[in-house]
Amino acid sequence: MFKDADTQKLYDERFERYTAAMCLGTPDRIPIRFLVQEAAARYCGYTTQQVACDYNLAFEATRKMAEELGFDAVMLNAIWSNYGVAKSASWRYLFVPGVDVNINSVNQFGEPSDPEDIFLQVDEYDEFIDDPTAFLVNKWFPRATTRVKFAGQPVDFDHNTALMSGALAYANYMNAFGPAAAKLKYESGLVGANSGMIKAPLDILADKFRGYMDTAVDTVERPETVLRACEALMPHIVANALGAADPGRDVPITIWAHRGCVPFFSQETFDRIFWPTLKPVFEEIISHGYKILFYGEGNWEKHYDALKELPAGSIVYHLDKGDPAYAAKKFKGYFAISGGLPYDVLSRGTPDDVRRETARLFEVMKPGGGYILDCTALMLNDIDPANVKAAVDYTLEHGVYSRTSPRPERKLSPHRDIPQGKRPPGVVRPWKQESESYRDLSGDTELVKRKWQECDAALYGYLWTTVLW
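Each number in this note's numbering comes from the position in the sequence shown (counting from 1) with 3 added on.
Errors might be hidden in some of the hints.
With a cut-off of at most 25 Å between alpha-carbon atoms, the simulated SDA-like pairs for lysine to any residue come out as follows [said to hold, decoys possible]:
(1) 324 / 362
(2) 67 / 384
(3) 305 / 363
(4) 142 / 333
(5) 425 / 451
(6) 454 / 167
(7) 67 / 188
(8) 67 / 87
(9) 186 / 53
(10) 435 / 188
(11) 333 / 262
(12) 90 / 157
(13) 152 / 112
(14) 333 / 384
(15) 90 / 117
(16) 186 / 8
(17) 186 / 70
(18) 6 / 251
(19) 305 / 365
(20) 333 / 251
(21) 186 / 22
(22) 152 / 115
(23) 12 / 181
(24) 392 / 184
Simulated from the structure, these hints should not be mistaken for lab results.
Produce the entire structure from the sequences given, and follow the hints as far as they go.
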């Protein structure tokens, strides 16, 4: 329940403004949606170590910055990779400020540097493709952590505690999102900017299995194998996205699209592997009535035409690198657009610089609606809060529209038939296998089965969220 009528009115106005722009409508003014990470910690006087170790501080810092500066929407916690979750499970690949890296740094991800440490060995592709979930349990977790043992190895105290404390820390973290989201909405009148996330299959393969360099080599030396591995990931990406999506289908599912574009991979690899395994994922998500926030990290200009193969209005294209005028020319009226306010100006410029850049951006993005103000990239601790305030104030004064238009009706597209694999999404230990060990299964067996499957699905969520995020 909202704390008062004014807060509810404020939320309703912000919600209508934000969702109208995403749906290509023209709201009363340009909505403000900054995705702040450690920038919120700096604003609130916290260190990056504090928000990396205490997710409740990160929630509060984000809420406070968004409320006090006057955002319309904000992502509740962009610093999702928490110290407690990572160290409890003994992850190898997350580096925390004041723990693994300099205290003034930010959370960082790493990839194995030695060939023997790669999470998916080149001769294991077929095993992975056959049953990705089993591969996670048997091979990926032992390699991605320091204390979990391989299947068949003798277990020890450290192995058992990593399994137990890792799962508990993950559950505690996920359970904290609900109360924090309620506070964001009902106490501060702020809209949660997104709900659910995905990555492209090829990005996941490079991020969490083979590493970028080995994946790049594989796309040249064994492209068909890489294609099959990406196809094996597709149903799990869809399941993860839909499982965390907004029940009302109002805010988008976000894809962090970073290394699938030219020049990280060739245009041939994009056409042969990246897009054929990402487009069906998009189409399946869109068919359920969701929008996708395509957070295009880097320059995606060479792939704009591919994106436009998707239904009109189905994505919000987030502009990082590239020419705002060209993005507007290609997408205005077809997709909503967000971003485009240069990171370096918010970081190293002055409020006057910010106002000039915002004015230039609005010249091409404001006409016709369908635009959301944001920085080009996730905002780290080098962002100057005074510059963010300057962008907000400029938008409140100059982002107003003289004429509004309603949101178009939501259009659904046909479902995409994605093969579910040998062990389908949501399943780790199948009910048939589990129930065979029961000595006297009787009575309401459907209740027993349903409750087992709920518990099994929670384990599936832990496994795949760890990988896909």
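Against the structure, the hints come out as follows:
1. 324 / 362: Holds - the C-alpha atoms of residue 362 and residue 324 are around 18 Å apart, at most 25 Å.
2. 67 / 384: With a Cα-Cα distance of about 16 Å, the restraint between residue 67 and residue 384 holds, given a limit of 25 Å.
3. 305 / 363: The given pair, whose Cα atoms are some 23 Å apart, holds under the 25 Å limit.
4. 142 / 333: 44 Å, violated
5. 425 / 451: Given pair residue 425, residue 451 holds - Cα atoms ~24 Å apart, limit 25 Å.
6. 454 / 167: Distance of about 21 Å is within 25 Å: holds.
7. 67 / 188: 12 Å, holds
8. 67 / 87: 23 Å, holds
9. 186 / 53: 20 Å, holds
10. 435 / 188: 43 Å, violated
11. 333 / 262: 22 Å, holds
12. 90 / 157: Cα-Cα ~22 Å, so holds.
13. 152 / 112: Answer holds: residue 152 to residue 112 is near 22 Å, not above 25 Å.
14. 333 / 384: 33 Å, violated
15. 90 / 117: 22 Å, holds
16. 186 / 8: 15 Å, holds
17. 186 / 70: 11 Å, holds
18. 6 / 251: Holds, at roughly 22 Å.
19. 305 / 365: Between residue 305 and residue 365 the Cα gap is close to 23 Å, so the pair holds against 25 Å.
20. 333 / 251: 29 Å, violated
21. 186 / 22: 20 Å, holds
22. 152 / 115: 18 Å, holds
23. 12 / 181: Distance of about 22 Å is within 25 Å: holds.
24. 392 / 184: 23 Å, holds
The earlier numbered hints that this structure contradicts are 4, 10, 14, 20.
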